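Visitor: Now for the letters of each chain:
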Amino acid sequence: MPELLEVRDVVAGYGRGPAILTGTSLTVRPGQVQCIIGPNGAGKSTLLKAISGLLPVRSGEIRFEGERIDGLRPDQILRKGICFVPQERALFPRMSVRENLRMGGYVIDDKKVLESRIEEVLRQFPILRERAHQRAGTMSGGQQQMLAMARTLIVKPKIVMLDEPSLGLAPKIVQQMFEIMHMLKDRGMTVILVEQNAIMGLNNSTWGAVLDLGKTLFEGPAQEVLADPRIKELYLGKAKAAA
Amino acid sequence: MAVQQLDVDNVIEARREYNAGLAAESKGKRVWQFPVLLLLVLALFPILQVTDGYNYVLHLMLYTFMYVAMASSWNILGGYTGYISLGHNVFFCIGGYFSGMILAYFGVSTLITAPLAGLAAAAVGFVIGSVTLKMRGPTFIISSIALLMVARILFDNWHFVGGSNGITLPQLHLDAQWMKVPYYYAFLLIAALTVWTSYKIKHSKFGLGLRAISQDEVKAESAGINTRFYKVAAFAISAFFVGMAGAVWGEYLTYIRPNIFLVILVAANLVLMCILGGKGTVAGPIVGAILLIAFNELSVVYLGSSELNILGTGVVMLLALMFFPTGIIGTLAAKKKLPRFLDWD
Amino acid sequence: MSNVIQIVILGLALGGVYALMASGLTLIFGVMRIVNLAHPVLIIAGAFVTFWLFRLYGVDPILAMPVAAIALFCVGVILYKLIFEKEAASAKYSEMTVLLTFAVAMIFDGLLGWLFTNTQRVTTPSYATDAIFIGDVFIPTGQLYAGVASLVVIGLLLLFLQYTRFGYAIRATTQNRAAAQLMGVNVGLVSLITFGIGIGLAGAAGSLVSFIFSFFPAKHWEWIAILMSLVVLGGMGKLGGVIAGSLILSVIAAFVGAYIGSTWSTMTFFLALFVILLVRPQGLFGDKIEEA
Chain R
1 MPELLEVRDV VAGYGRGPAI LTGTSLTVRP GQVQCIIGPN GAGKSTLLKA ISGLLPVRSG
61 EIRFEGERID GLRPDQILRK GICFVPQERA LFPRMSVREN LRMGGYVIDD KKVLESRIEE
121 VLRQFPILRE RAHQRAGTMS GGQQQMLAMA RTLIVKPKIV MLDEPSLGLA PKIVQQMFEI
181 MHMLKDRGMT VILVEQNAIM GLNNSTWGAV LDLGKTLFEG PAQEVLADPR IKELYLGKAK
241 AAA
Chain E
1 MAVQQLDVDN VIEARREYNA GLAAESKGKR VWQFPVLLLL VLALFPILQV TDGYNYVLHL
61 MLYTFMYVAM ASSWNILGGY TGYISLGHNV FFCIGGYFSG MILAYFGVST LITAPLAGLA
121 AAAVGFVIGS VTLKMRGPTF IISSIALLMV ARILFDNWHF VGGSNGITLP QLHLDAQWMK
181 VPYYYAFLLI AALTVWTSYK IKHSKFGLGL RAISQDEVKA ESAGINTRFY KVAAFAISAF
241 FVGMAGAVWG EYLTYIRPNI FLVILVAANL VLMCILGGKG TVAGPIVGAI LLIAFNELSV
301 VYLGSSELNI LGTGVVMLLA LMFFPTGIIG TLAAKKKLPR FLDWD
Chain C
1 MSNVIQIVIL GLALGGVYAL MASGLTLIFG VMRIVNLAHP VLIIAGAFVT FWLFRLYGVD
61 PILAMPVAAI ALFCVGVILY KLIFEKEAAS AKYSEMTVLL TFAVAMIFDG LLGWLFTNTQ
121 RVTTPSYATD AIFIGDVFIP TGQLYAGVAS LVVIGLLLLF LQYTRFGYAI RATTQNRAAA
181 QLMGVNVGLV SLITFGIGIG LAGAAGSLVS FIFSFFPAKH WEWIAILMSL VVLGGMGKLG
241 GVIAGSLILS VIAAFVGAYI GSTWSTMTFF LALFVILLVR PQGLFGDKIE EA
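Chains as they are written, first to last, in this note's numbering: chain R, 1 to 243; chain E, 1 to 345; chain C, 1 to 292.
Source of the hints: derived by calculation from the structure; they are not laboratory data.
Note that the coordinates shown come from a computational prediction; the quantities given were computed from them, not determined experimentally.
Even for Gly, the Cβ is constructed at its ideal location relative to N, Cα and C.
There is no bait here: all hints are sound.
Part of the chain C face toward chain E, derived, beta carbon under 8 Å: (1) V35; (2) E95; (3) L99; (4) A103; (5) V104; (6) I107; (7) W114; (8) I224; (9) L277; (10) L278.
Work the whole structure out from these sequences, hints included.
Guide: Here it is in structure tokens:
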């Protein structure tokens, strides 16, 4: 039985620039919330971009359910069942909330299925229903993030990758985002979460991995990673001092 | 103690050698002999006129000098700062009309008033530049085309300067044999001056600032470069030499008319020469001008119609952009195969 | 009063045609950030298709629109595949693409001039010289039909963009290319088809141009600046903006032409361009939500 997602020795970088990922490996098992932590510039976002197909992989391989997906276009990877919510939230600023949801289901061919799923999302997120006709670009940061995450419910992917959903949001709103994340997990999605705030990220996850200098350094159950003295010293020190 | 002393000597010696090497390299890099020699040969060339019969060659050469001057001038803006102007012939026109009108009304030769025409073009360039250079990227290019169209409408309808028919200018009283020689020297001088200025700018702090703008204008600005002033100054300087060229060109043709200055093919030629030779290099526009004029002459001789000439120019431009976007000089330099005598950067 | 009504109607009719001429330009810029300087010369290519259909087979210019559109669609697809595919992939504006389109413009200019010579041409369907009188208001039917036909085509385009799945994909790619990819849009395909549609619209516009203006290959340089000013005015890449801008400016230009002189009516577009660029660089109808 192949793993859900296997990243092996992936090297990737931007344009002709140096490699940001220098041989990263990662295994994702179904039903997890896998948190990737690491300092700024460690390559966390780059890893998610490489998996989603936005960034070409220079060497190494990425397998999804045993099948190689590196080298596929982002739209093909989405159709396989991996959905990526980038830091910038990937909304269409001049489209209404409803149109954004419709775009979220672009790969769904059956119009009825699409409409019923949009309805489902709007039922779950009354704020979005209230603002269904508002342009997405005019909403607050928290609402935009909510829309971006809720939108993944429409395609019902097997894996959803969240790149710093808490970025730039007030603490109260951040808690809401994690609640939405747990909801996605309860719907049967496996979550890959990249978090700057390592303690908060790990506390909301089942599995943790530490990425630095483009390589995976540690991996294990989230609570163990959190408790590991080495990790504490290297990567959690600041956060602890702040807390 | 003695051992330590030895080490210090060694280090000092090594440093001295290293410095000497650096000095030799930088000296070797700047080949001034070739340009000076070239200039000398070109300056002596008209002596051949004594034997008569070189008028056509002379014409082609002065035509090439003019385009060398204009392309190098365009390069100061388009090559160094990356602001592509497709309306630079507006300054060609301003220079031509400025000196041309003085010649027509007061009889003062454009050979004398050309620097003034350059200043007039630079002044207009400064004013226009302070407006249009507020725009970046595509809007600047669009504004430059619009500028050309505006100038065309204005000059076509300006009765004082003869409207679209233009005006005729008096000729010099010389034998046909020597007719072209003064203009030959004028254009040679303008071309040499432009290339020298272009070289000086490239190797100055000002030039560094201009190139920083082409890399990343926002960063250049935050690094303390007054980008607004730099751009406008580059625009004015690049208008100056084009204006000078225009002044002499009008007298050489013996008439000024909007459709000799304000056709987009002139602007296209400037851009293409720089791309072909190597945008942003000193020698690029020269190489580009020579090649393109040779190409144009051959295509007129063998293909005849000007439509085919436009078609051919377009094809050359397309191929150059697709396969040698850094031009001949740029491509050779990247492969480290650039002959020393062309390495002026 | 009837004079004013007449000028407004003529301005609107001409504005409709300008809107159609500029719509493809703005569509292509929106999706690919390509400033297509070759657009006007391709409009003239469309006019030539129409001209020969009319001359050889007596096909009505308005009925020839779909033929010209399809022919130019194919030209667009070929140009995209040969030249712009790599540039479009970066989806960032670069001076390189402008220069490429400039070269393409010269190629078509030279090619059409060589094939058909640079003489003035015009198609002459019967309505091109007719006029309708409503009271004192005099309306040349040619311009009226051209304006209406333009608005119909633009209407179809808007419906396509607003309500079809592919239209959604085009709009999404315009607003946020990476996001569109992540939603499952094959942006490469979208770019290809959009480029084709944009050039196809140029072809359709060419059919109308063939009987309301006289045309010759080198004429496109005049149009570049006019169409570009409309695109900038509308807010680079925003179709609604370009349509509104075309209608407004054309009406103003019609008044300038009627009361000051026809030479100066063209100037209206350029002056508007400079004023807009100075006062509101994002365009009359542009907004600042978008970061690109």
